[in-house]
Each structure stands twice: as C-alpha cells, then as structure tokens.
Amino acid sequence: MSQPPPKRQKRAEYRKQAAEAVGDESAPVGKVKLPKKKFYRQRAHANPFSDHQLNYPLSPAHMDWASHFPAFVNPDPAQTNLIGTRNLLKDVEVVDIGCGFGGLLVGLAGLLPETLMVGMEIRVAVLEYLNTRIQALRMQQQQQQKIQSQSQSQSQPPSSTSTPAPAPTTPAADADTPSDAPAPPDPNTSTALVPGGYQNISAIRSNTMKFFPNFFNKHQLSKIFICFPDPHFKARKHKARIISETLNAEYAYALRPGGLLYTITDVEEYHHWILRHFRDETAVEEAENEGPTVKELFERVSEEELEKDECVQVMREATEEGKKVTRNNGNKYVAVFRRKQDPEWV
Amino acid sequence: MAANFQHPFQCFHFVPRPNTNLLIGSAGSKLYSYSAETGERLAVWPQEVDSANANAVDADSGSEQGPPGKKRKVSASESQTNEKSAWSSIPIVTTTTNGEYIVALTAEDKCLRVFQLQEDGSFTQLSERAMPKRPSAITLTSDDTTIICGDKFGDVYSLPLIPSDKLPVITKALRSAKLSHPAATNLTVHTKGNRRALEQQLRLASVGKKDEKASGPTFEHTLLLGHVSLLTDMAYVSLPVDANKKRSYILTADRDEHIRVSRGPPHAHVIENYCLGHTAFISQLCVPQWAPEFLVSGGGDNYLLVWKWAESRILQKASLVDESSQATEVAVHGIWATSLGDLRVILVALHGSSLLQCFTLEADGTLKAQNPIQLSGNVLAVTPIEKDNTILVSVDPIRQPDTTQEWRASPSSPSTLIEAFHIKSSTDTLEWEPAAASVTEKINSTGTDEVLATTEEKQRKELNDSLYGLGHLRKRKGEDE
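Chain order of the listed sequences is C and A.
Using the numbering used here, the letters of the first sequence map in sequence onto residues 1 to 346.
Using the numbering used here, the letters of the second sequence map in sequence onto residues 1001 to 1481.
By construction, these hints were calculated from the structure, which means they are not laboratory data.
None of the hints are false.
Subject to a maximum C-alpha distance of 25 Å in a straight line, what follows is the list of computed BS3-like cross-link-like pairs (lysine-lysine):
| no. | chain 1 | residue 1 | chain 2 | residue 2 |
| --- | --- | --- | --- | --- |
| 1 | A | Lys1246 | C | Lys218 |
| 2 | A | Lys1133 | C | Lys234 |
| 3 | A | Lys1192 | C | Lys323 |
| 4 | A | Lys1475 | C | Lys237 |
| 5 | A | Lys1461 | A | Lys1475 |
| 6 | A | Lys1192 | C | Lys237 |
| 7 | A | Lys1442 | A | Lys1387 |
| 8 | C | Lys239 | A | Lys1110 |
| 9 | A | Lys1192 | C | Lys37 |
| 10 | A | Lys1192 | C | Lys38 |
| 11 | A | Lys1192 | C | Lys7 |
| 12 | A | Lys1152 | C | Lys237 |
| 13 | C | Lys37 | C | Lys7 |
| 14 | C | Lys237 | A | Lys1110 |
| 15 | A | Lys1308 | C | Lys218 |
| 16 | C | Lys38 | C | Lys324 |
| 17 | C | Lys37 | C | Lys324 |
| 18 | C | Lys324 | A | Lys1192 |
| 19 | C | Lys308 | C | Lys340 |
| 20 | C | Lys37 | C | Lys10 |
| 21 | A | Lys1133 | C | Lys239 |
| 22 | C | Lys340 | C | Lys218 |
| 23 | A | Lys1133 | C | Lys237 |
| 24 | A | Lys1424 | A | Lys1387 |
| 25 | C | Lys239 | A | Lys1152 |
| 26 | C | Lys234 | A | Lys1192 |
| 27 | A | Lys1308 | A | Lys1245 |
| 28 | A | Lys1192 | C | Lys332 |
| 29 | C | Lys223 | C | Lys90 |
| 30 | A | Lys1475 | C | Lys239 |
| 31 | A | Lys1152 | C | Lys234 |
Covered by chain A, per the in silico footprint, the following chain C stretches (three or more residues, Cβ under 8 Å):
| no. | segment |
| --- | --- |
| 32 | 266-273 |
| 33 | 327-339 |
Idealized CB from N, CA, C, for every residue including glycine.
Work the whole structure out from these sequences, hints included.
Have a look at this one:
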C-alpha cells in the first residue's frame, strides 16, 4: 500500500477542512457551511462486542461535559469534577442512543432549549460529521444573533449594544442566552434563529451497550431515544440488538421514575420485539407466571398521549432514517414507555 | 513414574462435615476428596477404578470375540494419561455451607455438575446441566437452594440446586421465538443484494424448512441479568437491614471494568448502583462473610480497591507492587478472606506468582500490608481451616515459580501440591510458620494425575493456558477500524 485510494484521501481532506472551518471564529457571515454527509459515509453496522478504541470516563463523575456544553458551564471555576474539568449548571437529561447523523438532536434542540441533550454513536465517521455539524450550526446561530442584536440596537439607545461575551473556556463558544425568537426550529434555513442556538446538543462516540453507566448516574435521565435501531435480522444476531431484557435494566437504571423511553422502527418484527421486552399488554398474564422481570419497571404510554408529544413528531419526521423510510413508503412503528417506580424490597 | 509431573489443584476447599471434615480439590480433569485429619485420599471422580475395569473388560472381550486390533492400542498406562473425558479441567468448584453438595464446572462441555458429597468422601453426581455458553463464575444463594451462574457472554442465570421434576414451561418464548418468515420486507431493505437475499429467504420459508437447531437448554433456568461483556466474577451477599430483616444482592464484575450491584432474585433487574474505579479488567470480587459491607476487588490493575460497595464508595486503593516495578503488567489471580483468631485476613495471589500477599482488614475497611508468604510454586488456590488457624495453599509443581509458561527442568518427587501455614501465636503482627502437617505430606505423596515430563510443546501450551488465561482479558490497543 503506497497511497490511500483517492476517494478516501479526498474525504479525509474534506473532513479536516470542515472541522477547521467551524473552529474559525473569524469566518465571515454566510461562509459557515454545514458539512456534507457524502464525505462521512460508513457502513451501517458496528460490532458492539469488540473492543473499539473508545474513550469513556471512569465514572459519571469523571466525565468532561464542559467541553461539550460550553454555554452551560458553571461560572464558578471552583466547581470541578473528579478529573478537574468544570461542572455544568445542570445535568444532561436526554440521550439519543445510536444518534447517527444527528437529525433527532438537531430537531429537538429548539424544542427543549434549556435541556442538555447528548447523542451517542459508535461509528467514527458519522460522529465526526455530527460534531462538525453541531459546531457549524452553533456558529451560524451566533452570527445570526449578532446581526439581529445589531439591527435591534440601531433602534435602541446605544448603551445596550452588548453582544454576547465569549466564554473563557473554549474559543468556539459564546455564553449566549437562549433567544426568545419565535422562529420555528428548521435546521435547513440557516437564517432562522433557533432557541438555544444549538448550545444544548452534543454528541459522543461510545458503545452504549457496554459503557452507558460510565456516563450517567442513577435516575439522571428524563428521556432516552432509540430511533431506527439496527434490526439485526438474523436470529443468531439478536444478542447484538440494542433492546434486550438485560440492557433494558440499564436503561431503567439511568432513567428517572416518570422518565420516557422512545422507540421507533420501520421493521414490524422488531416493533413486536420491543413490545415483548418492555410491556406486552396481551401477554401480561403469561409474564406474571414467570415471576417479575424487567418489564415491571416500564409501562406503555397511550396513543393519545403520544399525539400531544412533540418529540414523537420530531422522531418520526426529523431523523435521517425517518426521512428515508418516508421516501421508500415504509411504515413507522412508535412505542414509548414510561419508567415506573422501583418495586418495594421484599 | 517419578519422572512425571503431577497435575496441580486448580481448586481446593476445606469442607466441614458433621463427622469427618474433608478436603476436596480439582486437578486436571478430576475431582479428589481427602480426609482433612489424615490427608488420606478417599475418592476420585470420575472413578479411576471403573475406567480401569472398563478397559480390562474391553480388552478381555476383545480377545475373546475376535477383532481385537484397535482396542488393544489403548494400553492401561495410556488410558491414565490420555484425556478420555469430554473435558480437560474443572476450573470452578464450590460447595454449599453445610458441605453436603458440590457444584463443579467441567470446562469444555460447559456442564454444571451437582454432586452429593457422601460421608466417606465419595462423589455422587446428581445432575449435569450443559449451559448455553461457557460459565465463568458460579455462586450459591445464601440459603443454598439456587445456583447463580454467569457466563462468557455476560449473562447470569439462576438454576435450582436440585432440579425439580416438573419440566420447565417454555418460558423462553422471547429468545426462541422462531420466525416462520423473514423479519425484513421490501419496505425495509432497499439495496439490490439485500433484496436478492430476502427473496431467497422467502423462498426457503415457503418450502417450510424447519430450524432444527435446539433453542436453549431444556432444564429450568431463569435469566437474571446481563452484561455486554465477559462476566468474570460474582458474589451473592446479604446485608442486614434491621434485626430480623436482610436484603440480598448480586455483585457482578466484567472485563470492561464494571462492578454492578443488583438486587437479589427475583428483582435482579433492578440495578442499585455501580462500583466504578478500575481501569483494567476485573477478575476477582471478595466480600468477607464476617464483614459483608466491604468488597475487595482486583484484576488487571496493579492495585486492589476496597469498597463500601452499597454506597459505591472507594475506601482504599491498595498497591500490589513495589513502586519501582510499576511497569510490569499484573493480574489478580485470587483474593481470599478469612478470620483467623482475632485477625481478619485478606490473602491475595497474583497470576503466576509464588508470593502470597497478606493484608489485615482494619475496622475502618482499609487494608494493612503484612509479611507475605513465599511458596515453592505459583499460588493457585487457598483454603483456610479457621479452627486450626491454618491455611492450605495449592501450588503449581509444574511451572517454574513466577512464570506461567516455563516448565521446571524435572519433576521433584514427591511433587509439592499443597503447603500448609500456621499463624504464629503470641505476636501482634501477622506472622506465619510452615505447619509440618502430616496431612499435606500424605496428599503430596499420593499425588494426582500425572503429566508426562515429555509432554510436547503444543500440549504444554494448552495446559498453561487453561491454568493461566487471565492475560487474555487485557485489552490490546490499536485493533480498531
């Protein structure tokens, strides 16, 4: 092997430039471009059982969240975690497991501007895309905000021309407060202001099947999303599915009572698999004969409730996979489960 | 005969019984029992006598009935050394508190075998259950009615010690639910190749091809919990809540540095907390019976961690190596807790080390290093005899001390398989003296199964790996993408 194939080289160059571009604060308005997905393709499957070169914290108290959410860093520099990085003002509360190219996060960012959300993805290239994308979105928003506040300040006394001051931690971040702009969260139009300015979303490369408890404390999360999981069609591969009796116990650990676990899939058989592993109303009697299982920790959320839930709408329409299924006239099966209280000790 | 090695004891336990106390051990492919008073060997499983007889009968019938050619090749001496059983080692042996039952794992056939230990020391096999994956940790609930078994794929099952007669209902509908047709449809697969594969699957399904593979074990078993990692060790612990109430927990450790604290069955799916602090695989969990609130854990790190496990709190990080030799990779082979006299002792052996490190567990839960014990070979197992203030240590007579691969030049006769140590009385600190026990002399002179000194390199390596496999748990960098 003398030279890598030209295609790979081209991709690598593109990615490098894209990553540098979004780190450059002096970029002129309109020049901050979102990365192109075609340079970040990677095969859709990863083996969850192998040792990837992953970085994961020793425990949740060793996680450097400050670099992910610079706008939410606790202003008191004395507030640090066990590895000495700054604490946040609030905990991450929403996780998208297998976030892919990040459609769900970007869609939710404006809906829940005050909630910290993180996507977890095992594929390197996909994660690189998403990080670049989030950086670019944050830059675009900051520039838009500047323009708007300047235009506002022209009609106001000049004393209030204070643009948001950059946070001291990272150069790419401004400690901007969420704007009350009524703009709808549409990521395609870069000119619209999105509440929160995408400061509340980030993504991490991880294998959640192994290292979920390294990131999150007991009952820390209010929502977990599992969107279009790898169906692992072969029965022999079912052990690799992200939904299983044994993994659901870990989701229950991280999810607070009352918290929600959202699932969506286009594979009908997988939908039934999900129902069987969380709560299958038709088989409750059978389950009672077996003795308590992890199912006792979840209850299914009713259709009426889901219709009112904006997150379900985003999950159906904003995710990349959701759009693809729509293009191919596929079906979408949604199931949402609420975490119940732990049973009493016997 | 003196020119051959003896299989070391991979497991060795003191078993208190109402009449005579017993010692049981696993060496090579066999289980042995000894009188704890005299060291006399009482029984071997599978029975040697039987196999010898069977051979004799075979040979006889062969010579009587004609075509003897092939059978004659199995000479008596070969049948002793050749592995005829379906397994070559018994890596896990555990006993009930009253010593009546023994649960042993035979490695290659993945069988959990339950034995009743008779008063005369003989083994009566009550059941054998082949697990779906190779078990890596076995423990019993505190009422001794249930086996808890963790496997290489991270799943933990519970099984009744004595299987009931009733056949299990097909409860595993979840796992074994066989698809009569493929789950994929034209709506979910789009590429040309996948579509073609789907067509083929549909065609096969319409032909009605049966999936003839058996789906899981047929005996009663319940999936309690699972790690997506290799499960390495496990502990079942009961903590008192108040005077007459106890709560039970399962502690499970894996190759990916996790220690998980779950409620005991039937609520093992409720995770109470995690104990996260190791940076390499965990191989051993030790919860002393006399101080169940503490946990000592060790593995691929060059330190032990002492935990107040119910609070996920690290009480101490106790170094296992000299400051100067930090570079070497160590792995914890075993951690044993015992209370001898007034002393609460924690004994630790590193993988492939002839030094048995000694600590005392102080009232505040910290470990205080004491003088170590130097053995004549690598430490494999330790069993305390608390009434005598004595410990018995199984040592490796085959490998050179402090190596896991190099064999000794020649076997000593008799091989030292077991060494005994006694706590020196009338001292404040913990000091040991060799106990000149007739018991160990008897065991050592009787020996176990022989390993030929002329064993070939390949077989040697297999034997080494079955005894010293912990190194494979370590993650190697740079095998990605």
